[in-house]
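Spelled out from the first residue to the last, the chains are:
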Amino acid sequence: MHNQPVQHNPSGKRKLSAGVIWKIIGGLLLLIIAACGITIDNVAIPASVNGGSVLPITLNVTIKIDQGQTSNFMVAVLVPKVWKTAQNAAITFTSDITSGDQAMTVIPAGTPAPQGGGMDWPTLLATKVGNGGNLLPDYEWVAFYSNASYPVSDNSTVHATVSIKIKTSPDNLLFKLGYCVANSTDGLSSSDRYATAYSGCFQVNGTGDLIDFCNPQISTVDPRTSLDNDIITLSFDGGVQSTKLDNASQVYLCISGITESGDSLSVCTQTDATKMTTLGLNKWQKDIWPRKLFNLSASQHLTGLRYWFTDASGNNKVGYAGGTAPFLYTFKCQ
Amino acid sequence: MKKILLPILCSLALFACKPELMIAPSEPVKNLSGNWQIIKATRNGTDLTTRFDFSQFRIHFTDSSYTIDSLVPFIVSRNGKWAFDDPTYPFKLSFQATDSSAKTSPLQYPVTEGQRNLIITFSPGCSLNTYQYTLQKAN
Chain A
1 MHNQPVQHNP SGKRKLSAGV IWKIIGGLLL LIIAACGITI DNVAIPASVN GGSVLPITLN
61 VTIKIDQGQT SNFMVAVLVP KVWKTAQNAA ITFTSDITSG DQAMTVIPAG TPAPQGGGMD
121 WPTLLATKVG NGGNLLPDYE WVAFYSNASY PVSDNSTVHA TVSIKIKTSP DNLLFKLGYC
181 VANSTDGLSS SDRYATAYSG CFQVNGTGDL IDFCNPQIST VDPRTSLDND IITLSFDGGV
241 QSTKLDNASQ VYLCISGITE SGDSLSVCTQ TDATKMTTLG LNKWQKDIWP RKLFNLSASQ
301 HLTGLRYWFT DASGNNKVGY AGGTAPFLYT FKCQ
Chain B
1 MKKILLPILC SLALFACKPE LMIAPSEPVK NLSGNWQIIK ATRNGTDLTT RFDFSQFRIH
61 FTDSSYTIDS LVPFIVSRNG KWAFDDPTYP FKLSFQATDS SAKTSPLQYP VTEGQRNLII
121 TFSPGCSLNT YQYTLQKAN
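Residue numbers (the UniProt record's numbering), protein chains in the order written: chain A, 1 to 334; chain B, 1 to 139.
It is worth saying that the hints were derived from the structure and are not from the lab. Please note that a few of the clues may not be correct.
27 angstroms max Cα-Cα, derived BS3-like pairs, lysine-lysine [to be verified]:
1. Lys-332/A to Lys-81/A
2. Lys-292/A to Lys-137/B
3. Lys-40/B to Lys-283/A
4. Lys-275/A to Lys-332/A
5. Lys-165/A to Lys-176/A
6. Lys-40/B to Lys-275/A
7. Lys-81/A to Lys-128/A
8. Lys-292/A to Lys-40/B
9. Lys-283/A to Lys-317/A
10. Lys-332/A to Lys-103/B
11. Lys-292/A to Lys-84/A
12. Lys-81/B to Lys-103/B
13. Lys-167/A to Lys-84/A
14. Lys-92/B to Lys-40/B
15. Lys-137/B to Lys-40/B
16. Lys-81/B to Lys-30/B
17. Lys-165/A to Lys-81/A
18. Lys-292/A to Lys-103/B
19. Lys-103/B to Lys-30/B
20. Lys-103/B to Lys-92/B
21. Lys-81/B to Lys-292/A
The task is simple: from the sequences and hints, build the whole structure.
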């Protein structure tokens with residue numbers, strides 16, 4: 001377990017005149033002096049867990065209230081959908097205005113968030129707070145309310161420690177977890193009414209191919225599930241990050257098929273059979289029929305692929321995340 | 001005059017009637033005999049025709065058998081027998097490769113630009129990956 005530095009969401013920029021800027025600065029100073037604020041001071045999360053185990057996370061939160069109110073406390077987490085967090089998480093908190101663990105319950109999807117323009121919490125969080133830099137779309141915000149509401153007096157400060165326990169799925173994945181705290185009165189109505197934080201790239205050591213939300217996807221395979229008798233499309237997007245193939249005028253596939261018996265069949269020569277088609281903007285594509293590419297006999301079947309991309313010389317080779325490790329693909333049907 | 005004209009008209013009317021030969025329109029025979037090539041191929045709706053080399057593929061139908069040259073992912077991988085589900089109004093085309101069970105594809109048989117097309121749909125790998133090939137007789 002270690003404390004991670006909190007990464008706050010960057011805000012957008014506009015060109016403003018000097019007068020307006022001074023007015024804004026004055027307003028902000030007044031706001032800081034007179035208004036409330038909420039911060040996530042730190043996030044404690046292990047660097048990784050094993051697939052299927054419980055992920056414990058602790059948030060330390062400070063809430064400064066200028067005007068007394070009675071509200072429910074809201075905690076939301078940004079998680080991979082595959083975890084089914086609404087069914088597999090427990091959140092409690094302790095604070096200096098409560099006694100013992102305070103229970104929280106998931107807010108059903110479709111429940112309008114306060115001052116959220118009719119949006120429910122998951123939609124409002126995704127719209128206003130974002131995706132935390134996760135590069136695959138299979139994420140979700142799951143929001144919880146405290147079971148009780150709490151009266152807080154004027155000009156008070158509350159410290160809370162939030163305990164989040166999420167049972168992870170068996171999947172092998174990398175994900176940037178996100179957190180948001182707010183209350184049931186103000187919602188996300190202004191930036192001083194809620195706080196967000198993100199962990200770095202968190203790893204679950206599970207089974208199956210890595211589902212990588214953190215690293216740019218320089219290669220994809222279509223269809224996502226297939227067998228060796230399908231035509232599969234391997235794509236390389238050199239625009240995602242700089243690689244050894246930035247200046248390559250031709251890109252080739254260097255690929256190994258892994259048979260059921262564990263043998264590795266390699267096709268790694270720069271020929272028409274491995275030459276990729278350019279799509280422009282340093283994007284490349286190759287459609288292969290594995291059974292023919294690897295010249296499989298009727299009784300041979302592949303369980304997966306390991307592949308790289310090379311230039312015409314074969315000397316410059318790009319693998320997973322731009323490195324030397326191969327991209328992996330497992331043949332399976334849903 | 002009237003006594004003569006009336007029997008003549010009646011006789012004419014009588015002999016003018018004769019049974020009409022009724023010919024029911026017949027459904028054209030679906031003739032698969034010959035060599036067919038792939039002119040269009042899609043995978044899950046994505047057109048692969050120009051992206052993958054289907055040009056050498058040929059399937060040769062005879063009365064009840066077929067042979068395949070230059071195989072690509074197809075409903076069967078070996079030579080064998082074929083059959084319509086209904087010889088007159090076929091909606092399915094089945095292939096029975098040697099030493100294998102029969103595999104059946106929905107069949108469309110439209111005429112496009114004067115050419116008879118044979119459209120079959122199948123899954124050579126995962127069942128959720130659907131391929132549709134349009135075949136036309138090769139010259």
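Earlier hints that do not hold, by number: 11
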